[in-house]
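Its first residue numbered 17, the sequence shown is counted upward by one per residue in my numbering.
In short, the hints are calculated from the structure, not lab data.
A few of these clues could be false.
As the list claims (entries may be wrong) - Pair by pair, the computed Cβ-Cβ distance ranges are:
id	residue 1	residue 2	range
1	Pro68	Lys140	21 to 31 Å
2	Ser215	Pro186	16 to 26 Å
3	Arg114	Gly136	21 to 31 Å
4	Arg133	Gly205	14 to 24 Å
5	Ala108	Glu207	20 to 30 Å
6	Pro211	Ser183	22 to 32 Å
Built from N, CA and C at the ideal position, the CB exists for glycine as well.
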Amino acid sequence: MPSGSGDSRHGTAHGRAGLGEIRTRDPGKQVTKVDNPTATAPGPAHRSTAPPLTERQRERRRRILHATAQLACRGGFEAVQMREVAESSQVALGTLYRYFPSKVHLLVATMHDQLERLHGTLRKSPPTGETAADRVAQTLMRAFGALQREPRLAEAMARALTFADRSVSPEVDQVSRQTTAIILDAMGGLENPTPEQLSAVRVVEHTWLSTLITWLAGRTSLAQVRVDIETVCRLIDLTEAGTGEAAARP
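Go ahead and model the full structure; you've got the sequences and the hints to work with.
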C-alpha cells in the first residue's frame with residue numbers, strides 16, 4: 017500500500033466488520049440520549065466489580081461490538097454514533113450505555129475484540145521466523161496488514177485510544193494485555209517472561225501502535241513501518257541473549 021494514498025487508507029467495507037466474523041442481532045427498544053464521544057452515562061464508578069456476564073449478556077455484547085465494527089468500517093470514528101450502534105445491534109440505547117459509558121469505551125473495547133479474533137487466527141497459522149525477533153516482526157506485520165485492510169476501522173480504534181482518559185483504563189488495559197499475549201506467543205509462548213523481556217515487549221507494543229497512528233495519518237510509508245517494527249523487535253533477541261548469559265553464569 018503506498019504511503020499517503022487517501023484511497024488506500026479509506027477503503028469500503030465488504031459485508032463484514034473488522035478482522036473476524038460477525039454475529040447477528042436480537043430485538044430491543046430505544047431510549048433517548050445525546051451522543052458525545054467523551055461523555056459518559058451515569059453509573060457505578062467501578063465497573064470492574066460487576067458480576068460476570070451471563071451468556072445472553074455476552075451475546076448482546078458481541079452484537080454491540082459487531083455493529084460498532086461495521087459502522088467504523090463504513091465511516092470511521094465519526095460514523096460510530098451510540099444511537100446508531102444501539103439500532104444496528106437492536107438493543108436499547110440505555111442498555112448500550114450500561115455496557116459502554118461512552119463512544120471511546122466502545123471503540124477501545126472493539127479494538128480488544130478485534131485483537132482477540134486476530135490472536136485466534138495467528139495461533140492457527142503461527143509465524144515461522146528463526147529468531148524470536150523475526151517471529152514477532154512477522155506477527156506484528158500480519159496484524160498491521162489486517163488493520164490495513166479495514167483502515168477506517170483501524171483509524172477509529174486508534175483515535176479512541178488517543179482520546180481515552182482514566183475512566184477507560186480497564187478497556188485500555190485489556191488491549192495492552194491482548195497485544196502482550198500476541199507478542200509473547202510469537203516469542204515462543206513464554207509463560208514466565210523476565211522483567212527485561214516484558215520491558216522489551218512494552219517498547220515493541222508502543223512502537224507498533226505509534227507506527228499504526230503515523231501511517232493512518234499519512235506521515236509514513238508502509239516500507240518505513242516495516243523497518244521500524246523490525247528494528248524495535250531486535251530488543252527481544254537482546255533480552256533473550258541477556259537471559260541466556262545470566263543463566264550461564266556460575
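For the range 21 to 31 Å, tell me whether the beta carbons of arginine 114 and glycine 136 fit it or not.
holds (28 Å)
Per the hint of 20 to 30 Å, is the separation of the Cβ atoms of alanine 108 and glutamate 207 within bounds?
Between alanine 108 and glutamate 207, where Cβ atoms are some 43 Å apart, the hint is violated.
Look at the Cβ atoms of proline 211 and serine 183 and judge whether their distance stays inside 22 to 32 Å.
Holds - the Cβ-Cβ distance for proline 211 and serine 183, about 29 Å, lies within 22 to 32 Å.
Using the beta carbons of serine 215 and proline 186, state whether their distance is inside 16 to 26 Å or not.
Between serine 215 and proline 186, where Cβ atoms are some 23 Å apart, the hint holds.
Lying within 21 to 31 Å: is that true of the beta-carbon distance proline 68 to lysine 140?
holds (27 Å)
Does the Cβ-Cβ separation between arginine 133 and glycine 205 fall within 14 to 24 Å?
Holds, at about 19 Å.
Figure legend: structure checked against the earlier numbered hints; the only hint not met is number 5.
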